[in-house]
Amino acid sequence: MELLYKNIDEPGLNTIAVYESHGGYQSLRKALAMDRADLIQELESSELRGRGGAGFSMGKKASFLPKDKMDKYLVCNADESEPGTFKDRELMQKNPHQLIEGLIIGAHAASANCAFIYIRGEYDYVADILDAAVAEARAAGYLGDNILGTDQSLSLVVHRGAGAYICGEETALLDSLEGKRGNPRLKPPFPANQGLYQGPTLINNVETLSNLSHIVRMGAKAWSELGVKNSSGTKVVSISGNVQRPGNYEIELGIKSRDLIYGLAGGPPDGREVKFWFPGGSSAPILTAEHLDLPYDFDSMAGAGSMLGSGAIIVIDDSVPVVDVALKLATFYRNESCGKCTPCREGTNWTVHMLERIDSGEATPMDLDIMASVQEHITDHCLCVLGDSMAMPISSMIKYFRPEFESHIEAARHRNDLGAPPSPHPVEAVGSAAAGPYTSVA
Amino acid sequence: MPRPEQKMVTFTLDGREVSAIENSMLVDGAKCVDVEIPVFCYDAKLGQPVGACRMCLVEVEGINKLQTACSTPIREGMVVNTESDRVKESQRAVVEFLLINHPLDCPVCDKGGECPLQDITFGWGGGTSRFIEPKRHFQKPLALSPLIAIDRERCILCYRCVRFSQEVSEDYQLILSERGAHSFVSTFDGHPYVAPFSANIVELCPVGALTSQAYRFRARPWDVEGSGSICTLCPAQCNVTLTVRDERVLRVLGRDHDEVDDGWLCDKGRFAYQAMHVGERITEPLLRDGGELRPVSWERALQSAISGLTKAAGRTGAVVGGETTNEEAFLLQRLMREGLDSPDLDSRPGGALALDLHRALADPALSATVVDIEFAHAVLVLDCEPVDDAPILDLRIRKGVRRKGVKLAVASSRPSSLDANATLSLRFAPGAGEALVAALDAALSGTGDVDGLAASAGADVDQVRELAALLSEAGEDVVVLWGERLAHGPRGDHAVRGLLNVASRLKLASADGAGLLEIPSGANGRGLRESGLLSNAGPGLGEPGREGRDTPAIGAALAAGDLTAVYLMHCDPVRDFQDRGLWNRALSKATTVVAHAGYLTEGLIEHATVIFPAEAYAEKEGTFTHPDGRIQRLRPAISHARGVRPEWQVLATICKAAGLEMTFHTVPMVFRALVDAVPFYADLTLDEIGGRGMRWQQTAAAANLPTASDRAPYQLTAPPAALTPNGSLRLGTYRSIWAGSEVAVSPALKFLIPHQQVELSPDDAKRIGVGHGDRVEVTYDGAAVNAQVTLRAAVPTGTVFLAEATDSQPANLLTNGEPRLVEVRPA
Amino acid sequence: MTEVRRFTHGSRIPGWDDAVDFSKDPAVVPDAATTPVPEHLRAEIEEYMARYPDFRSASIPALRAAQREHGWCSPLAIEQTACVMGLTPGYLTAVGTFYDMIETQPSGRQAIYVCTNISCSLRGGDAIYSAMLEAAADDSDLNVRHFECLGACDIAPMASVNGEYVGPLEPSDCATIIADVKAGREVLPDKQLRRRPSAHTIAKQES
Ligand SMILES: Cc1cc2nc3c(=O)[nH]c(=O)nc-3n(C[C@H](O)[C@H](O)[C@H](O)COP(=O)(O)O)c2cc1C
Ligand code: SF4
Ligand code: FES
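Going down the list, the sequences are from chains E, P and Z. Residues in the first sequence are numbered consecutively from 1, following our numbering. Residues in the second sequence are numbered consecutively from 1, following our numbering. Residues in the third sequence are numbered consecutively from 1, following our numbering.
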């Protein structure tokens with residue numbers, strides 16, 4: 001079943017003419033004719049869950065916005081920086097009007113009259129496409145005052161970021177959009193009550209909003225029958241890493257993970273096996289080959305101790321040492337921590353140091369315990385979940401691969417004692433102490 | 001915004017039932033029952049909590065994750081646990097995290113012994129660290145400004161300092177650069193962090209990362225004692241704690257008083273203590289001998305003063321500056337009126353105001369408090385620059401605007417530092433305040449010639465109308481913060497009548513949170529007036545017996561030889577007053593010039609006959625009256641410098657010599673006499689004033705204030721029209737916060753001494769053919785000021801601004817208190 | 001017996017060792033009368049400011065505009081932006097240093113970001129980065145940086161060349177890329193992501 005990816009590679013789909021020729025903006029008409037409460041009801045009963053990572057019910061979130069008359073905002077999260085995730089990019093590049101239509105429907109549900117698409121700065125060429133599409137939509141009367149003669153008005157600005165992973169976190173995104181450093185805010189208050197410019201704000205991911213026109217068109221019931229219980233609809237899955245055909249695939253939620261990784265993506269290169277995989281971006285605790293037969297949906301992933309997250313699968317094959325992946329990951333989160341709260345800022349940094357020592361032969365197995373404990377101290381103690389995003393996968397790696405860590409430590413110590421050169425790294429830690437802005441001086 | 005009502009609720013804390021203010025934060029509520037929840041990033045003064053350090057995590061029943069107590073509002077029935085294992089473990093974890101890169105150089109750290117990080121580590125930390133990586137090492141300490149040193153190793157990134165700079169003082173110079181573990185506190189491109197309130201960050205920093213350059217390594221906490229007093233350097237009268245070691249003041253800290261200073265200090269108040277212990281200070285009496293001032297014995301100095309004064313007797317005038325206490329003022333006015341039989345005494349540099357108007361202004365119903373600024377619907381800043389005139393009020397206004405939604409309007413001649421926060425900023429011609437209030441009055445009442453009056457004020461009539469609309473529509477609580485400058489000059493009465501009209505049109509007397517708040521030109525300006533130091537009023541704004549000459553008239557009478565002696569208490573008219581020419585003539589003509597002064601200033605060097613050393617405020621005992629009527633106590637923290645005598649005793653000695661009966665043995669006795677003489681102070685006792693002060697308006701005796709016979713609205717007469725710049729430019733002047741002897745002699749503050757600069761609009765500069773940094777000459781009638789041009793886009797075309805009381809080339813070379821047009825040409 | 005290793009050092013972070021320069025004035029909002037700003041830059045920034053309910057929202061777009069104008073966000077660029085926006089240069093520095101794409105240190109105008117995050121790294125991203133550095137030699141106009149996941153793991157290993165996404169790259173492509181950039185040509189047209197059909201489409205066609 002294809003919804004979001006229908007006709008995705010048709011030339012000109014990014015123009016309003018082609019989009020409309022496939023029935024585009026018909027759902028908008030239908031939605032605008034609906035009462036707001038009914039529209040929210042419809043969205044809730046579709047059981048659409050957010051596609052940005054947290055998987056919260058989209059309709060419910062919209063219903064949290066206060067009903068009183070005041071300036072309300074809708075912000076589309078197009079920051080897409082979770083390693084391994086690249087679905088929003090393709091959706092926006094190839095079918096921007098699908099997003100814009102969904103966004104206007106979302107704004108109607110939230111009765112927001114001011115909307116922003118916060119797109120990561122690196123996606124400049126996609127932002128250009130969006131800008132053009134927004135101009136077309138405005139010219140066609142889908143944006144602006146009194147859309148299609150209704151009392152719904154909406155302004156839409158495509159706002160380009162400038163490179164910071166943390167700006168994907170919704171409150172950091174708001175600060176960034178307000179022109180500040182992208183530091184996450186304390187919650188509560190939640191954005192639905194006090195978000196952008198202190199006004200109630202609905203924040204949704206690109207894919208979440210891109211689904212709205214389909215829900216309205218098909219009706220919530222028909223849409224919710226796609227997928228499985230608690231994971232309705234289709235999902236665009238980004239598969240990358242050690243697979244033969246990395247890319248985005250739209251699937252119905254609930255298909256077997258193995259079919260995704262081996263079927264669609266072709267599995268690891270010949271002669272290699274899946275060693276472990278991230279089911280939902282690099283922030284998700286890893287799963288191993290034994291989890292390949294789980295259905296790919298929210299509940300099954302959570303049940304296995306991980307999460308569906310942004311729906312980005314990263315596959316690591318058996319040629320790669322787990323320590324390399326752990327170091328790469330920890331370095332990433334250390335570099336991207338905003339630095340606002342203590343456990344995340346110091347904990348990620350400390351973890352990187354420990355992993356570097358493990359790798360250079362200066363660690364003992366006791367360091368593994370310390371590392372595990374540091375991860376526990378980060379988890380749940382931070383201001384936002386970036387810290388957890390490192391702590392959870394690292395913890396899971398220690399959990400599944402402790403013996404490998406230990407033998408890595410031993411081997412490295414041994415080499416060290418012999419004065420032998422360090423082991424080769426299939427995955428190098430570029431950006432860590434050696435190459436990053438951190439420079440060690442002797 | 002009326003103040004929110006506070007409701008008490010009950011919640012459970014560690015198994016105890018506790019009652020606390022609803023929606024106050026858990027950390028604060030816990031304090032009420034002596035439960036301390038450790039915090040680093042939280043400080044109620046900084047506004048909204050940020051929840052960054054994670055030190056304060058506690059368990060709240062019904063919520064899965066631990067919550068930050070600094071940001072969790074207390075609700076009825078809440079069950080909170082601060083002692084569970086989970087909480088303790090999280091506290092240990094955060095301490096461990098914070099210490100991993102902290103250098104633990106406590107033995108050589110200034111903060112040691114008074115360091116929250118030490119205390120919290122000891123109280124809540126695990127006692128061990130498992131961190132064996134190399135710590136970060138950096139050069140330290142580094143300069144952040146001439147006043148502040150920064151030690152980045154020690155910084156725990158709690159954000160307090162940057163939040164202060166960004167959200168309290170709003171200078172936005174101190175920033176966090178970079179991200180994550182690389183973040184560090186810095187400034188733009190290595191510019192120093194110099195701003196009027198910068199050093200508050202030293203006090204805010206919970207570790208030894210930010211230290212005072214002046215205090216570094218001067219003492220350890222166990223070497224010093226703290227002594228509470230108030231700062232007397234400006235009318236804001238902030239409450240301070242003086243750090244004393246061996247009879248020397250080594251540091252000034254805030255002594256948080258929500259109703260006065262909100263816990264902040266300006267850098268002048270914080271560092272000018274150094275002026276007490278410098279060589280420049282006068283610590284023995286000086287006598288002019290053979291044309292030169294020479295140290296003499298007290299006996300000789302007193303003798304000369306007494307003989308000079310008693311010889312002149314009724315031909316003596318007295319001019320008094322703002323650092324004089326109420327008690328000194330009371331004695332001095334008795335000396336003048338009763339001892340020397342002279343009515344010629346004044347504390348208003350700009351001249352007298354009708355007694356009736358003084359009484360009308362003092363009306364408790366019409367007086368606003370400092371806190372009212374914060375909760376007002378609208379605040380009008382009129383003819384003053386708070387950051388220069390009473391710095392701490394600047395922070396209060398910003399707080400109101402930023403956090404409480406106060407609508408701010410600024411009406412001034414010179415562009416204000418508050419313009420960026422103001423809903424409306426209105427400019428008028430220097431010295432045309434009277435016309436401006438008249439125009440505002442007309443716009444508010446809907447009668448009168450608003451256009452004509454606005455034109456007379458050199459203001460934009462639409463802006464005047466907008467201002468009227470803003471003030472009348474904002475809500476009932478409107479506070480007008482106005483500068484004494486408005487009432488300067490011979491037409492001061494008219495300006496004040498206009499102001500009182502505005503107040504009556506806005507019904508300021510009938511709303512609790514509304515009113516007028518005057519920033520007097522002297523620190524104790526209000527106290528001096530109420531103690532009887534006015535040419536036309538005795539103590540308690542009573543009838544003076546005989547009306548005397550006001551300040552300008554005293555100057556003129558001295559110059560004309562009608563007066564022959566003058567008593568200068570804490571002021572140098574040559575430096576401080578508008579008419580330098582007149583005062584130079586006046587003082588050189590006078591046969592006896594008796595002065596109390598802490599430092600030699602030009603007028604005194606030139607003209608004083610006898611100088612008595614002034615007490616430093618840390619040595620002084622007495623009371624001051626805050627602009628909002630709060631009587632505050634000044635308490636001695638150190639004993640007098642060798643050679644300095646209490647000034648009240650000097651006055652009492654002279655009084656006695658002049659034939660007055662003096663029965664006072666202590667300052668409190670003088671205070672008693674003062675209270676007896678000022679009917680509306682009648683309910684005040686020193687005990688009740690205590691360490692926090694007391695507003696006389698809140699006592700029953702306030703009813704004893706003599707009432708004004710005539711009330712607003714008054715019939716106003718047409719104000720004079722502002723001069724029209726016709727190639728010549730209107731001259732405006734201002735006095736910087738950094739002008740004054742204390743700054744000039746304090747080693748730490750010296751770099752801030754204001755130098756003269758000519759503020760020009762780009763248009764005028766272009767016309768004159770000069771650019772930024774060029775030297776120009778500003779002339780009037782043969783007199784000239786020579787200085788560098790500072791171009792400012794916000795300066796209105798047609799006006800030029802000069803600074804008063806600069807180290808050289810001061811503005812009063814050109815002024816006499818009346819509006820003037822000056823020539824500006826390349827020098 | 002082997003020697004016990006000791007750490008003789010700690011890590012250093014650029015900027016942390018810097019004191020302020022007392023010869024500079026405090027950095028307040030730059031005055032329009034003394035801060036000339038190129039007219040087109042001013043117009044662009046003002047246009048951004050008008051887009052948002054609160055003008056401060058324009059700070060990232062404004063900094064990026066200033067960076068295009070000056071090559072990097074030099075102190076001068078920041079002062080000009082601050083002047084137009086009525087903010088202190090400190091405000092914009094705090095913002096600018098937070099984001100990877102704002103260059104607050106001198107850097108080349110041609111931005112070449114090589115992804116070295118996990119998905120690219122698994123397919124050789126680190127080697128591409130080294131090859132790119134080598135190909136760029138030390139041309140000061142080229143700003144070659146390793147970057148966090150650029151959101152294009154489907155073409156891993158990949159790079160963003162002045163915003164154009166190209167991949168999957170071979171180390172040998174790097175020289176071509178650098179040559180293309182220097183010549184002002186389109187970069188590796190065959191490997192541009194924008195011209196590539198989606199994996200989903202290919203899979204569908206194959207099945
Ligand atoms: C560190 C971090 C990074 C995130 N990055 C993204 C992102 O790049 N894109 C996104 O849509 N959501 C991201 N999220 C999730 C958002 O906070 C938020 O949950 C989401 O935008 C809500 O939209 P949805 O309900 O439609 O999923 C991130 C969250 C965290 C904690
Ligand atoms: S310097 Fe002090 S106040 Fe500022 S962030 Fe560091 S620890 Fe906090
Ligand atoms: S004091 Fe609560 S998080 Fe810092």
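It is possible that part of the hints are untrue.
[Said to hold, decoys possible] EDC-like mimics (lysine to aspartate or glutamate), calculated; alpha carbons at most 20 Å apart, straight line:
no.	chain 1	residue 1	chain 2	residue 2
1	E	30	E	9
2	E	399	E	417
3	E	180	Z	54
4	Z	24	P	774
5	P	750	Z	47
6	E	399	E	290
7	P	750	Z	25
8	P	65	E	252
9	E	180	Z	100
10	E	180	P	258
11	E	221	E	252
12	Z	204	E	367
13	P	31	P	105
14	P	65	E	376
15	P	135	E	2
16	P	404	P	167
17	E	187	P	774
18	P	31	P	258
19	P	135	E	388
20	Z	24	P	258
21	E	229	E	290
22	P	135	Z	100
23	P	140	Z	21
24	P	88	E	151
25	P	45	P	178
26	E	180	Z	18
27	Z	204	E	252
[Claimed, not checked] So the derived list for chain E, only partly shown, Cβ under 10 Å to chain Z, looks like this:
no.	residue
28	1
29	224
30	225
31	236
32	242
33	262
Read the hints as simulated data drawn from the structure, not as lab findings. Even glycine gets a Cβ: it sits at the ideal position worked out from N, Cα and C.
How the hints compare with the structure:
Taking the CA atoms of residue 30(E) and residue 9(E), the gap is about 26 Å. The hint is violated against a cut of 20 Å. For the proposed pair residue 399(E) and residue 417(E), the alpha carbon gap of about 28 Å is over 20 Å, so the pair is violated. Between the alpha carbons of residue 180(E) and residue 54(Z) the distance comes to roughly 12 Å, so the proposed pair stays at or under 20 Å and holds. Straight-line distance between C-alpha atoms of residue 24(Z) and residue 774(P) comes to about 19 Å, which keeps the hinted pair within the 20 Å bound.
A threshold of 20 Å between alpha carbons decides the hint, and for residue 750(P) with residue 47(Z) the separation of about 44 Å lies outside it, so the pair is violated. At most 20 Å may separate the alpha-carbon atoms for a hinted pair to count; residue 399(E) and residue 290(E) meet this at roughly 14 Å. A threshold of 20 Å between alpha carbons decides the hint, and for residue 750(P) with residue 25(Z) the separation of about 15 Å falls inside it, so the pair holds. For the hint pairing residue 65(P) with residue 252(E), the CA-to-CA distance comes to about 33 Å; that exceeds 20 Å, so the pair is violated.
Restraint check for residue 180(E) and residue 100(Z): satisfied, since their Cα atoms lie roughly 14 Å apart, inside the 20 Å limit. The suggested pairing of residue 180(E) with residue 258(P) is violated, with an alpha-carbon distance near 30 Å, which exceeds 20 Å. Annotation: proposed proximity of residue 221(E) to residue 252(E) holds, straight-line Cα distance about 15 Å (limit 20 Å). With a C-alpha separation of about 48 Å, the suggested pairing of residue 204(Z) with residue 367(E) is violated against the 20 Å cut-off.
Between residue 31(P) and residue 105(P), the direct Cα distance comes to roughly 30 Å. Violation of the 20 Å bound is thereby established for this hinted pair. About 13 Å separates the Cα atoms of residue 65(P) and residue 376(E), which keeps this hinted pair within 20 Å; it holds. A threshold of 20 Å between alpha carbons decides the hint, and for residue 135(P) with residue 2(E) the separation of about 54 Å lies outside it, so the pair is violated. For the suggested pair residue 404(P) and residue 167(P), the alpha carbons sit about 13 Å apart, so the restraint of at most 20 Å is met.
Using a Cα cut-off of 20 Å, the hinted pair residue 187(E) and residue 774(P) is violated, with the two alpha carbons roughly 54 Å apart. Restraint check for residue 31(P) and residue 258(P): the C-alpha separation of about 18 Å stays at or below 20 Å, so the hint holds. For a cut-off of 20 Å, the pair hint linking residue 135(P) to residue 388(E) is broken: about 24 Å separates their Cα positions. In summary, the hint linking residue 24(Z) to residue 258(P) is not supported, as the alpha carbons are separated by about 35 Å, beyond the 20 Å threshold.
With a C-alpha separation of about 23 Å, the suggested pair residue 229(E) and residue 290(E) falls outside the 20 Å cut-off, and the hint is violated. For the hint pairing residue 135(P) with residue 100(Z), the CA-to-CA distance comes to about 26 Å; that exceeds 20 Å, so the pair is violated. For the given pair, residue 140(P) sits about 15 Å from residue 21(Z) by alpha-carbon distance, which is consistent with the 20 Å threshold. Restraint check for residue 88(P) and residue 151(E): not satisfied, since their Cα atoms lie roughly 55 Å apart, outside the 20 Å limit.
Using a Cα cut-off of 20 Å, the hinted pair residue 45(P) and residue 178(P) is violated, with the two alpha carbons roughly 26 Å apart. Proposed proximity of residue 180(E) and residue 18(Z) is contradicted: the alpha carbons are some 24 Å apart, above 20 Å. Between residue 204(Z) and residue 252(E) the CA atoms are separated by roughly 15 Å; this keeps the pair inside 20 Å, and the hint holds. Of the supplied interface hints, the one on residue 1(E) is violated, with its beta-carbon coming no nearer than about 12 Å to a beta-carbon of chain Z, more than 10 Å.
The restraint placing residue 224(E) at the interface with chain Z is violated, with a minimum CB-CB distance near 23 Å, outside the 10 Å limit. Contact between residue 225(E) and chain Z, as hinted, is not supported at the beta carbon level, the nearest pair being about 22 Å apart and thus beyond 10 Å. The beta carbon of residue 236(E) is positioned within 10 Å of a beta carbon in chain Z (closest approach about 8 Å), and the interface hint is therefore held. Interface hint at residue 242(E): satisfied, since its Cβ lies 5 Å from the closest Cβ of chain Z, which is below the 10 Å cut-off.
Violation of the interface hint for residue 262(E) is found here, the shortest Cβ-Cβ separation to chain Z being roughly 13 Å, above the 10 Å cut-off.
The structure fails to meet hints 1, 2, 5, 8, 10, 12, 13, 15, 17, 19, 20, 21, 22, 24, 25, 26, 28, 29, 30 and 33 from the earlier list, while all remaining hints are met.
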